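Peer 1: These are the residues of each chain, in order.
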Amino acid sequence: MVITLLSDFGDVYPASMKGVILGINPDANIVDISHSIPRHDIHTGAFVLMTSAKYFPTDTVHIAVVDPGVGTNRRPVAARAQSPDGDIHYFIGPDNGLLIPAARSIGKFEVYEIINRKLFRSNVSSVFHGKDIFAPIGAHISKGLGIEEVGTEIFDFIDLDFGTGIKTADSFLGKVIFLDPFGNIVTNISSRGVELNFGDILEIEGIKVPFLNSYGFCREGEPLTLIGSHGFLEIAVNQGNAARFFDKKIDDEIIAYLSFSKACT
Amino acid sequence: MVITLLSDFGDVYPASMKGVILGINPDANIVDISHSIPRHDIHTGAFVLMTSAKYFPTDTVHIAVVDPGVGTNRRPVAARAQSPDGDIHYFIGPDNGLLIPAARSIGKFEVYEIINRKLFRSNVSSVFHGKDIFAPIGAHISKGLGIEEVGTEIFDFIDLDFGTGIKTADSFLGKVIFLDPFGNIVTNISSRGVELNFGDILEIEGIKVPFLNSYGFCREGEPLTLIGSHGFLEIAVNQGNAARFFDKKIDDEIIAYLSFSKACT
Amino acid sequence: MVITLLSDFGDVYPASMKGVILGINPDANIVDISHSIPRHDIHTGAFVLMTSAKYFPTDTVHIAVVDPGVGTNRRPVAARAQSPDGDIHYFIGPDNGLLIPAARSIGKFEVYEIINRKLFRSNVSSVFHGKDIFAPIGAHISKGLGIEEVGTEIFDFIDLDFGTGIKTADSFLGKVIFLDPFGNIVTNISSRGVELNFGDILEIEGIKVPFLNSYGFCREGEPLTLIGSHGFLEIAVNQGNAARFFDKKIDDEIIAYLSFSKACT
Chain A
1 MVITLLSDFG DVYPASMKGV ILGINPDANI VDISHSIPRH DIHTGAFVLM
51 TSAKYFPTDT VHIAVVDPGV GTNRRPVAAR AQSPDGDIHY FIGPDNGLLI
101 PAARSIGKFE VYEIINRKLF RSNVSSVFHG KDIFAPIGAH ISKGLGIEEV
151 GTEIFDFIDL DFGTGIKTAD SFLGKVIFLD PFGNIVTNIS SRGVELNFGD
201 ILEIEGIKVP FLNSYGFCRE GEPLTLIGSH GFLEIAVNQG NAARFFDKKI
251 DDEIIAYLSF SKACT
Chain B
266 MVITLLSDFG DVYPASMKGV ILGINPDANI VDISHSIPRH DIHTGAFVLM
316 TSAKYFPTDT VHIAVVDPGV GTNRRPVAAR AQSPDGDIHY FIGPDNGLLI
366 PAARSIGKFE VYEIINRKLF RSNVSSVFHG KDIFAPIGAH ISKGLGIEEV
416 GTEIFDFIDL DFGTGIKTAD SFLGKVIFLD PFGNIVTNIS SRGVELNFGD
466 ILEIEGIKVP FLNSYGFCRE GEPLTLIGSH GFLEIAVNQG NAARFFDKKI
516 DDEIIAYLSF SKACT
Chain C
531 MVITLLSDFG DVYPASMKGV ILGINPDANI VDISHSIPRH DIHTGAFVLM
581 TSAKYFPTDT VHIAVVDPGV GTNRRPVAAR AQSPDGDIHY FIGPDNGLLI
631 PAARSIGKFE VYEIINRKLF RSNVSSVFHG KDIFAPIGAH ISKGLGIEEV
681 GTEIFDFIDL DFGTGIKTAD SFLGKVIFLD PFGNIVTNIS SRGVELNFGD
731 ILEIEGIKVP FLNSYGFCRE GEPLTLIGSH GFLEIAVNQG NAARFFDKKI
781 DDEIIAYLSF SKACT
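Going down the list, the sequences are from chains A, B and C. The numbering used here numbers the first residue of the first sequence as 1 and each following residue consecutively. The numbering used here numbers the first residue of the second sequence as 266 and each following residue consecutively. The numbering used here numbers the first residue of the third sequence as 531 and each following residue consecutively.
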């Protein structure tokens with residue numbers, strides 16, 4: 001069974017979680033999604049989890065820990081999500097919104113508060129629930145434990161929503177929801193509403209930016225827009241850093257005016 | 266069987282070790298503890314190994330390479346440690362102290378000089394014993410080779426000791442033994458001697474610092490002390506970097522005066 | 531079966547490739563060679579693949595993606611290489627030279643253009659062939675699919691060659707082909723032509739540099755030359771950074787004059 005890990009731990013700490021998991025389920029196939037989420041950045045962690053988890057096979061358990069409230073009264077939670085095709089994904093982590101966009105993107109989901117202390121490690125550190133609560137819970141679920149065994153279903157879990165960009169007669173309005181490691185700007189404007197053709201021109205911050213299929217179609221250092229691999233409208237700079245080029249950070253507004261299409265010229 | 270790797274190699278070189286291991290034991294489950302130990306920092310490597318190895322299941326083989334003396338006359342060694350519960354951990358690496366705190370923290374241990382060249386790769390590079398000696402030795406042990414087959418037991422191995430902080434009538438005296446990736450200051454004052462209650466106040470460098478259960482109980486940017494996940498007294502700054510806040514580095518002295526407890530106010 | 535991954539993706543994106551692979555071949559043993567190749571640096575990616583792949587066991591599938599031309603008309607390719615000992619290695623990636631030095635270093639090899647779209651993911655992103663083409667092709671080959679099933683053999687693939695340093699009567703002439711994470715300078719002067727003895731002196735950029743077996747034989751901060759673990763003449767600085775010391779970057783010329791040997795003094 002596959003178990004993925006996502007955290008803001010950086011180096012060193014994920015290994016303890018892996019040791020605990022392998023002690024409970026020696027057959028777990030552990031895959032790191034990322035341990036370089038900016039520290040305490042629940043928003044970025046939720047985006048990365050949402051856009052990565054869906055590529056894993058059914059029955060994968062995703063343990064995610066971006067957890068500024070560890071040791072306070074925030075609840076530990078586990079979610080079970082089912083895709084329209086019947087694939088099941090489990091999500092284990094803190095009740096701070098981190099898991100919810102990923103669970104929702106899979107399909108129908110239910111959330112349980114984790115309260116069954118018999119499944120925890122014997123000494124729960126107040127600062128490392130990743131190792132002492134989330135890792136053992138995830139390992140037990142990967143061995144077949146039913147999610148209803150971990151606690152009680154809840155409905156007042158903390159939600160997190162990236163919003164949905166909108167299309168007007170002459171523009172797209174959205175916001176930055178992710179800056180990838182290359183500086184590409186991912187917006188919340190879904191590919192489904194974007195009916196642009198190769199070479200159409202958008203105007204962003206006063207700059208005319210072509211809509212292309214990929215980076216290599218414009219010159220080095222030139223900006224472009226495209227439908228990125230996450231399924232959203234992205235703004236990029238070929239072999240450059242769009243976040244710096246346009247001076248954008250997470251949650252900044254993006255307005256892209258339809259300028260003129262190549263077909264009209 | 267689980268094999269962990271720890272090194273100061275950064276990127277690229279660990280992959281060659283993994284290739285060699287999988288060539289000998291295709292069933293090895295290889296887990297990285299860290300490859301970002303500061304270069305040649307045996308002390309930090311030993312601390313990370315000591316605090317991570319114990320979470321892995323019995324019969325795990327830990328290969329650790331922070332090895333400024335590679336290719337000189339420093340000896341390659343293998344250790345076998347047994348916990349009070351009967352768990353066995355193996356440690357493979359250079360004889361420079363790196364492995365010893367981890368082996369000792371498990372329990373009783375014995376150390377062997379690695380001399381059986383039949384177990385090495387055929388061409389031993391003088392600069393990469395990780396690939397040519399430690400990886401194959403670890404892979405063979407993970408397949409069941411007895412540690413006595415690798416060489417001869419020795420008793421004059423190089424030791425490394427983090428010391429033990431002490432408690433006086435009105436203070437704790439210790440030193441910095443680790444700065445974690447978040448800048449948290451880990452001292453060598455063991456949790457066993459620390460009988461503090463939530464809200465008790467310590468005075469460190471003239472600053473009054475509360476003893477709390479976790480980071481989230483004080484405001485952002487404020488310092489606190491706590492028992493960290495490693496089992497030692499730690500000094501942290503909520504969402505900040507304690508090493509910079511207190512200007513501390515490894516081996517610096519830490520004096521924490523008992524100020525007054527909440528119970529007295 | 532082992533599948534290795536190499537890319538310039540940094541964080542986050544490799545996880546999607548792993549999810550896709552495990553969905554096709556749940557028994558794949560995935561090993562990261564590196565995801566920190568400098569962005570779009572095909573040359574460095576090719577060197578790292580060439581010097582790492584050979585340590586993996588027979589039938590390993592190496593998926594490598596440093597791909598500035600993704601989404602343009604550059605072809606996806608798969609190569610099958612056989613060593614003199616009969617070991618087989620597969621290489622999957624873009625047709626830009628990235629795979630060829632590695633395939634050639636194994637032995638005889640053949641290259642196929644990947645055209646069998648039935649093996650791709652159903653929606654191929656124009657910017658992430660790693661996930662949608664290379665990962666599924668690699669996973670299918672790791673399950674036993676014959677390479678001739680992926681497409682058509684080609685002979686006009688893009689090649690990449692590191693050249694071969696030469697030895698004159700009184701010097702070695704070569705160039706920098708890799709700077710490792712420690713700043714060691716790897717040249718294209720093969721160990722086979724280097725008949726130097728411990729303590730011989732080379733003169734590089736006017737500085738007398740001893741030929742030694744390993745870093746620890748000279749003082750901290752002093753330069754040395756050695757045969758590195760890659761099998762080439764390397765220039766290093768003990769506990770320092772040779773690339774900065776000699777101000778060298780990839781492709782820079784290296785001239786090392788034979789100064790005088792210890793035997794003559």
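Since the hints were derived computationally from the structure, they do not count as laboratory data. Please note that a few of the clues may not be correct.
[Stated by the list, open to error] Straight-line Cα separation of at most 20 Å, EDC-like style, residue types lysine to aspartate or glutamate; simulated pairs:
| no. | chain 1 | residue 1 | chain 2 | residue 2 |
| --- | --- | --- | --- | --- |
| 1 | B | LYS319 | A | ASP41 |
| 2 | A | LYS249 | C | ASP541 |
| 3 | B | LYS514 | A | ASP27 |
| 4 | A | LYS54 | C | ASP617 |
| 5 | C | LYS584 | B | ASP276 |
| 6 | A | LYS143 | C | ASP557 |
| 7 | B | LYS408 | A | ASP59 |
As the structure is a computational prediction, the values presented were derived from the model and not from experiment.
Peer 1: Take a quick look at whether LYS54 of chain A and ASP617 of chain C sit within 20 Å of each other, Cα to Cα.
Peer 2: violated, 35 Å
Peer 1: Just to be careful, I want the Cα atoms of LYS408 of chain B and ASP59 of chain A compared with a cutoff of 20 Å; is the pair within it?
Peer 2: Not OK: LYS408 of chain B and ASP59 of chain A at ~30 Å, beyond 20 Å, violated.
Peer 1: Is LYS319 of chain B close enough to ASP41 of chain A, meaning Cα to Cα at most 20 Å?
Peer 2: violated, 30 Å
Peer 1: Please verify whether LYS249 of chain A and ASP541 of chain C have alpha carbons no more than 20 Å apart.
Peer 2: The given pair, whose Cα atoms are some 18 Å apart, holds under the 20 Å limit.
Peer 1: Within 20 Å, alpha carbon to alpha carbon, are LYS514 of chain B and ASP27 of chain A?
Peer 2: violated, 40 Å
Peer 1: Does the alpha-carbon distance linking LYS584 of chain C and ASP276 of chain B stay inside the 20 Å limit?
Peer 2: holds, 17 Å
Peer 1: CA of LYS143 of chain A to CA of ASP557 of chain C, is that 20 Å or under?
Peer 2: holds, 17 Å
Comparing the model with each earlier hint shows violations of hints 1, 3, 4 and 7; every other hint is respected.
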